[in-house]
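K.L.:
One letter stands for each residue in the lines below.
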Amino acid sequence: MNETIYRSHVLVCTGTGCVSSGAKDLKTTLEKELTAKDMSGEVKIVETGCHGFCEKGPIMIIYPEGVFYCEVNEKDVKEIVDEHLLKGRTVERLLFKEPMTEEQIPSYQDIDFYKKQQRISLKNCGHIDPESIDEYIAVGGYEAAGKALTLMEPQEIIDELKESGLRGRGGGGFPTGLKWQFARNTESDKKYVICNADEGDPGAFMDRSLLEGDPHGIIEGMMIAAYAIGADEAYVYVRAEYPLAITRLEKAIQDAEEYGLLGENIFDSGFNFKLHIKEGAGAFVCGEETALMNSIEGKRGMPKPRPPYPSVSGLWGKPTNINNVETFANVPYIIKEGAEAFSSIGTESSAGTKVFALTGKINNTGLVEVPMGTTLREVIFEIGGGLDKNKKFKAVQTGGPSGGCLPEEYLNLPIDYDSLLDAGTMMGSGGMVVMDEDSCMVDVARFFLNFTQSESCGKCTPCREGTKRMLEILNRITEGEGREGDIELLEELGDHIKSTSLCGLGKSAPNPVLSTITHFRKEYEAHINHQNCPAGACQDLLSTYVIAAEDCIGCGKCAKVCPVDAISGEIKGVFAIDEDVCIACGACEPVCPVDAISQG
Amino acid sequence: MENKVKLQIDKQTIEVSEGSTILDAAKSVGIDVPVLCYHPDLSLHGACRVCVVEEEESGELLASCAAPVNAGMKINTRSIKARKARRRNVELLLANHPNDCLGCNRNGSCELQDITYDLGITKEDIERVSGAVREHEIDDVGPALRRDLNKCILCGRCVRICEEVQGVSALQFTQRGFNSVVTTAFDMPQRDVNCANCGQCASVCPVGAINEKSEIEKVWSALEDDDIHVIVQTAPSIQATLGEEFGMRAGSVVTGKMVAALRRLGFDKIFSTDFAADLTILEEGSEFLKKLEGEGTLPHITSCCPGWVKYAEHNYSDLLNHLSSAKSPMQMFSALGKTYYPQQSGVKAKDVYTVAIMPCTAKKFEKNREEINATRFKDTDAVLTTRELARMIKEMGINFSKLADEDFDELMGTSTGAGTIFGTTGGVAEAAVRTVKEKLTGEPLEQLNLGFRGVNFAEVEIGDRTVKIAIANGLGNAEKLLEACREGDCECDFIEVMACPHGCVGGGGQPRPATKEKKIKRGTGLSGIDDKSVVRKSHKNPQVIKLYKEFLGEPMSGESHHLLHTTYKSRPKN
Amino acid sequence: MKSLAELKELRDKVKKDMKKRDQGTRPEIIVGMGTCGIAAGAREILKAILEEVETRDIDVRVTQTGCIGMCEKEPLIDVRMPGKERITYGNLSTSDVKEIISKHVINGNVVQELVIARHSE
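Going down the list, the sequences are from chains A, B and C.
If you read the first sequence in numbering that gives the first Met the number 0, its first letter stands for residue 0, the second for the next number, and so on.
If you read the second sequence in numbering that gives the first Met the number 0, its first letter stands for residue 0, the second for the next number, and so on.
If you read the third sequence in numbering that gives the first Met the number 0, its first letter stands for residue 0, the second for the next number, and so on.
Be aware that one or more of the hints could be misleading.
[Claimed, not checked] Pairs of lysine-lysine, DSS-like flavour, derived with a Cα cap of 30 angstroms:
| hint | chain 1 | residue 1 | chain 2 | residue 2 |
| --- | --- | --- | --- | --- |
| 1 | C | Lys1 | A | Lys114 |
| 2 | A | Lys43 | C | Lys15 |
| 3 | A | Lys273 | C | Lys14 |
| 4 | B | Lys83 | A | Lys497 |
| 5 | C | Lys7 | A | Lys273 |
| 6 | B | Lys83 | A | Lys521 |
| 7 | A | Lys335 | C | Lys102 |
| 8 | A | Lys146 | C | Lys97 |
[Stated by the list, open to error] Cβ-to-Cβ under 10 angstroms is the rule here; a few derived chain C residues that face chain A:
| hint | residue |
| --- | --- |
| 9 | Asp16 |
| 10 | Met17 |
| 11 | Ile29 |
| 12 | Val30 |
| 13 | Gly36 |
| 14 | Ile37 |
| 15 | Lys46 |
| 16 | Leu49 |
| 17 | Lys102 |
| 18 | Val114 |
| 19 | Ile115 |
| 20 | Arg117 |
Just so you know, these hints were derived from the structure itself, not from any lab.
Don't be surprised by glycine CBs; every beta carbon is placed ideally from N, CA and C.
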């Protein structure tokens, strides 16, 4: 253990987001600079996991002041060392500016993005060095596991989980305690626990951030689960595309083994626990439990009919409990603080917090953790900083690619499992995509369906064939070839696919289409009946431009700016636009000195 | 004691065993629910969603093949919601199907076609949900099987039988979404992968996607040509399965009608592979005797099944020295057909064309093996499956069921009950022991039903020693046995392997659809022939005795070694 | 790991260092680290404070700030006890540091003779 006393801790986020924006070089430069200034013995550099605010990366936090710097690059290092670390003066220009007020906020806790969040599962992310088991232990890590193993009976743990109201964070929302109970109730000489880290929703990265930023938290949660259901072996099924998460998890497992927190007779309780990492190739459908287990067994990731449920016959036919990363991340908190502390957060039916991956046409994209029951408006406008000043909110899509789209009327909807389902969408793993007036809802539905269709495992008829037909219909609508009856056919196919598909992928794939038809039917009708895309997004439906011959002065400015040479004419004569060539980009309209150009 | 569950199906209250599926429960009271991916001999797949039924209380649609019954559940198999959903799924399948039924090999025996008809689906219904259609090249470069993936409905029966029953896994699902396809590793021709050519994939395919590579046209041409002398041999199992193609019950014995039909098709001589099976027993039996006496390696493993031989070459090249060097009965017959037969009949060897009617697709591959030919001609010219023969009989307009029985031709048409039971699992071992025991002890064997058929292990006292026999049908079972051998855990002396479940009666070239139930009946049909036979020991076959006396000399003699024995080679594992 | 006690022992050993990242309501010592301060020996003062805090194993937040504005009285530190007014000490030597920590930070008695300013917030 390092006994040096440091006066400052510089936390450099090395989550995948910040690494891709240069955090590694930043750290190297900082090390060099501190050595040059003979300060390496006074200032400790700590690599942390993701802070969730990837939009503003690379992120650096300097303690003890807790000053939050964003978009820091190598060139800023000298100034930070000279000013902040040497002279104690905050480097104002690197502070975060609130998008709504332009106000500079020096402290981590005071930024709206963080202020309105409540972090339980993410609490250690960005705060501790994920590669240091000591730091995890320093913040109280493994105490929950110790308590569970030495002071609690397995059934007590399950009762605590049930009472806490924790529900599966991977999307299903199934009560976690009940799931554990089922696995516990099945008698078997061998049981397994699996952590589902096959994060497949485009744009979602909470599982990755948790594994990168707090791997021991996940190990601890899994250990408690294994003890509770009577398992002694577990797998973390993680996408091979998450190399950093895998490295950190490997390190964490190794350290925990060295400390005797994994292995045999942990806490002298007689409980043994072995943890493996299984890398998945990243098929979306492998997020489905039975497909995931097939994949671990070395088979094609294809879902199986349920029952039998994994709690009865799972991995290699043995009772298996599968939970999502975020679900496990909540477990130590519940065991340590008690069910009541957890259930007091959130709503009656959905206890605790939920992490969302906020993306789309929004100012502060990133990971946010809020209590259940927080409204969409709070998340989007207060934490997310709203949309661009001059853009109007149109819809928010929740629940990943198979979630539904909700319009403005739903902004005051408190987010929990049931309210979202009632509104025609779902919690999913916590994707949240914000759309503004420039988004065409038909095109949005097409985008998501294209994803689910190409990620369908192809096993069952409705999902494989049906989503393809729906996609073809959406394609033709956005191309101006929509037919009368297409909306009804989409609804019919959508309902059919939802009611007869084998697994959750198919059962939810039509959601984006059905919800946009419900809330934005007029937009579909405009495409079909008038070959018009109200949002101006569908390229094939944009009307081309025309030059009013009587007004044209023959200056030729329009022809010069046209990117596809659709405009021709004689200088001082009359210019004309070839509508077959025009791509309706609108470049010509503003350059005309006499306003002779308009959309036809 | 089995627990019972009470539930309601279509307003009827019934009681079924706990763990039954809704489909089982419906069947038990005579309610038919259409199925496509479901197959009684394979694992549950739940993919086609054609068997959906409505759970009345929740209004949920359940795949009846996969959903277990719950106490008190109320199932409606006939609700408009269930029927509409079934129709829609079949429509979606048809929208991505060539729908060229008239020119399809399965026209009339296609499960998709039957369901389409039953559900009353019209052309307009299909057009409403039509769009892009997957297109695939047809794989017909191999000698045994032809895959037309354009017809594939991705039910996965072929994948499951190849993996679960045969343990070969030559076919797998690849790609995703609409582009999903069942194919071989790297989409290579089936010829070039570890496929054993057993044709089990074809035997369970509900549509026309996998079939035998047809040799019908070739045989028609030979029959039409006056200069060619066409002789035909029929494998033991054909006489107990061909009837099914003409609407008869599984296991119906139609030996006489089959011979009569072949004569009407224009074959010059109608012979029986059973004759060659007796011959195989004498050759292989002698080989086994020698091994028992310490010459060669035990356990002795049979080699009459070409699917098994190719599988062994891929997976057990280290054990190939255990395989009998005796050729399969078909190849023994053909070698004699172009040597012994010309000598006896006066027909010139070059004019003889040998056709084999086989239950098997692997035989089409076997006849092309380079080392198999003993004569300067191709020993076997054409192999037809049971299904192909039936097709020819139909094309010729022969009213099969009305045919009067006729007999095989002399010389190579006479067989014993021992030769006949080659067509069912355990039959080869039983036939071999009948001969080996009698030859070794010198005493006539009285008890001929040794009880080998349908079992995995048997012991038999031969003289002063106990001979241990292991029998495997289905390559998956063979794998278990051979793994034990490889590990040195197998104390057997004699191992019989047949690649197809239940042996040749369950062959990849047999009438479709084929289920375990039917295969057992076919085997019973064959056993019945043996029971009624006057001669039931291969070495008592008078024509075989004559063959040795006039042509071959002794079993394992120089001439028989040249004509009747072969070699094997190692093949890549994948 | 054989017991909860063993775990807690390990935690106590490692958690001091982590306290720097706590933003709670603990006593706070702020060291003036402007150029003037550094020139007058503020880095040595800071080190001395950290050592003393470590030796006495007390829960104190030690931070630094820029020039406080009374450059001739450097090195300067501010001590802020929760709920109390902020006291500025000046002209410090490393030995003063021990006194301030033992009297003011631990026992709550301001070291009057070293005080150069008081600020109520």
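K.L.:
For which of the previously enumerated hints does the structure constitute a violation, in increasing order of number?
P.N.:
1, 7, 8, 17, 18, 19 and 20
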